[in-house]
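2 protein chains.
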Amino acid sequence: MKLVCPQSELSTHLSLVSRAVSSRPSHPVLANVLLNADEEKQLVSLSAFDLSLGIQTSFPAQVEVGGRLTLPAKLLGDIVSRLPSGDIVLDDAAGDPEAGILTTLTYASGKYQMRGLAADDFPELPIVEEGDVAQLSAEALIEGLRSSLFSASSDETKQVLTGVHLSLQAEGLEFASTDGHRLAVVQTVNQQDSGEDTPKIDVTIPAKALQELIKMLERGSSATVTVKFDQGQVVFEWADQRLTSRLLEAQYPNYRQLIPRSFSHQMTIDRRSLLGGLERISVIADQRNNIVKLSINSHQQSVTLSVDAQDVGSGRETIAAQITGEDLEVAFNVKYLIDGLKVLNTTDVQMQLNTSTSPVILSPLGNLKMTYLVMPVQVRG
Amino acid sequence: MKLVCPQSELSTHLSLVSRAVSSRPSHPVLANVLLNADEEKQLVSLSAFDLSLGIQTSFPAQVEVGGRLTLPAKLLGDIVSRLPSGDIVLDDAAGDPEAGILTTLTYASGKYQMRGLAADDFPELPIVEEGDVAQLSAEALIEGLRSSLFSASSDETKQVLTGVHLSLQAEGLEFASTDGHRLAVVQTVNQQDSGEDTPKIDVTIPAKALQELIKMLERGSSATVTVKFDQGQVVFEWADQRLTSRLLEAQYPNYRQLIPRSFSHQMTIDRRSLLGGLERISVIADQRNNIVKLSINSHQQSVTLSVDAQDVGSGRETIAAQITGEDLEVAFNVKYLIDGLKVLNTTDVQMQLNTSTSPVILSPLGNLKMTYLVMPVQVRG
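Here the protein sequences come in this chain order: R and L.
Per this note's numbering, the very first residue in the first sequence carries number 1; after that it's consecutive.
Per this note's numbering, the very first residue in the second sequence carries number 1; after that it's consecutive.
It should be emphasised that the hints constitute simulated quantities derived from the structure, not laboratory data.
You may find that some hints are simply not true.
List of simulated lysine-lysine pairs, DSSO-like, C-alpha gap at most 30 Å [said to hold, decoys possible]:
{"#": "1", "chain 1": "R", "residue 1": "342", "chain 2": "L", "residue 2": "200"}
{"#": "2", "chain 1": "L", "residue 1": "369", "chain 2": "L", "residue 2": "208"}
{"#": "3", "chain 1": "L", "residue 1": "111", "chain 2": "L", "residue 2": "41"}
{"#": "4", "chain 1": "L", "residue 1": "335", "chain 2": "R", "residue 2": "74"}
{"#": "5", "chain 1": "L", "residue 1": "369", "chain 2": "L", "residue 2": "200"}
{"#": "6", "chain 1": "R", "residue 1": "208", "chain 2": "R", "residue 2": "335"}
{"#": "7", "chain 1": "L", "residue 1": "335", "chain 2": "R", "residue 2": "335"}
{"#": "8", "chain 1": "R", "residue 1": "2", "chain 2": "R", "residue 2": "74"}
{"#": "9", "chain 1": "L", "residue 1": "111", "chain 2": "L", "residue 2": "74"}
{"#": "10", "chain 1": "R", "residue 1": "335", "chain 2": "L", "residue 2": "74"}
{"#": "11", "chain 1": "L", "residue 1": "215", "chain 2": "L", "residue 2": "369"}
{"#": "12", "chain 1": "R", "residue 1": "369", "chain 2": "R", "residue 2": "228"}
{"#": "13", "chain 1": "L", "residue 1": "335", "chain 2": "R", "residue 2": "111"}
{"#": "14", "chain 1": "L", "residue 1": "74", "chain 2": "R", "residue 2": "342"}
{"#": "15", "chain 1": "L", "residue 1": "158", "chain 2": "L", "residue 2": "342"}
{"#": "16", "chain 1": "L", "residue 1": "342", "chain 2": "R", "residue 2": "74"}
{"#": "17", "chain 1": "L", "residue 1": "342", "chain 2": "R", "residue 2": "111"}
Turn these sequences into a full structure, and let the hints steer you where they fit.
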């Protein structure tokens, strides 16, 4: 393999795939990036794969001799990112048995040699040949993921709850995530009408892979993403990039039945005021059990947030709100409210409640169709 | 104590003193900040002290009732920094025995109570009454510290080497720091002529305290800093701020005798080119023993940097330089060269050498009078 390409291109694309390089690889070759230079297409593709998440990206380059090789991803990335802009030559002296698997990187005033591992040892990124295919709007994917990812569990033992559940129906895309204490459900319109053949998507994808997907989509400019999936894998493809992930196979909880249909209390409130108050209250709540009490006062049309951590101190904030229904006291884990309010992202939000022990719904007052359900906590006294 | 002040003032000054709050306090009160409200001067001062470093700062406020109290520094800082701008009232209901040591913070739409500790338990910041006093230029202090701090040892067992040695002579200020492997010496002109009475300063100050001093001076706009010192303490005072630190009392090494007076080799080189090459070489050197070899080629008027880490790879960079003297090969810990070149801060730098085992001097070609000495390392073969 021998190729010439600009430093900036190679550096950008190495940084993209680096997210799928194992930090503690089970096989040495998984710490490497696979470079595949196609002489006919004058294209180089880079791949990294940690056996769960795979990322592939390609870019045009002057390929003098085609071929495949692997190099240590971090070492190559660290050197290339420190090079001045200008052309880089990568050459593995193919055919020269003495060169072994040494690859030479040359630039205007220097030369580096790195020891790779055989390209044939690098596992193929999963492909989905027999599965279903759908076209999704990149914008809808970004919007839905941004509003749901935060609510997935980060506890690896929670298995299927560490993912985001994605479903595609006639009306559009639905994203759901829950860690058992709160639930975010987001509906977005999928502008890509792919006709009657569009399959019903119903999959749970690890949040870690989706966090990378959102970053890659935000950087790119592609309008449409092709999604292919079968029982065990999902592949997202757009422009010159591809992200693959294993699926979480267990049954996702039937979350729709958790959302109450009617409410006895409703409150509309300025999102930033409520978020600011909760962030200050959380400084004291952090010292104890993270619990904030909300006292909804219908007569005064206000809500009072309060915390009492005896040894440390106490706090009270009062915020104006439009309230219908009787007075109510209800307590929450302050972090769950803060997480949701950061994402709801409209000027006003609506809070709907029944009793101090039944699920509470937060939703934005705007275009985004999002439902955020939080379970209150029971407090003594 | 009762006072009214703008949120922004209190937040800024709390953040300033927070650097002297113990993270693992030996006495509970050292996790607190001392507030002292002076009704007559309409001034509030904040103090924090970890028994080695002390910081005090004051600002004007509407003091309705003077007094002293302490509050948990982190808790207070976290709440105040999250408050919206506007006036804050702090009130400890002085004289009300039922209030105990609860202090109330009130702002437009909320109220926090925090439990403090008795102000009398807070240790006084050291003062120097009998010692020497000098006026130093803030600019010279910043310049000297910026160019010397990096070279002090961060290994607490190295005692006096964890400090920067500061001396004031007729010619100006001299800063020196060494960790045993390299030495930085910086001379700056002290524009503050304080007459014939100016004492000879000759002290070693912990680098940690000086790192805080430089940050505080860079934020401020004061031209002159008053330095008072005796056997065990140094106090820097300017505008409304004060930083105190214990001194490192052991004898500082006689570093001047380490600097060679004559050299058989001299090289002038573009600083950024040398630094860039070393940073790339260090990616590979990191994998082995951090050693870079410099081959100085007088005939070609160039220097070649090289590294060879057998299992990983190798690297070579060639950089043009103006060289006098014979060819020479010399090896260094690449990190020491990088650290120095980051600070030297002129377009070209000069490197002066004798043999591959004797001290090498780097110096900037510009106004700053700095000498950076690095010991080469011996390599086999």
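**Request:** Check each numbered hint from earlier against the structure, then list the numbers of those it violates in ascending order.
**Result:** Checked against the structure, the hints that fail are numbers 1, 7, while the rest are satisfied.
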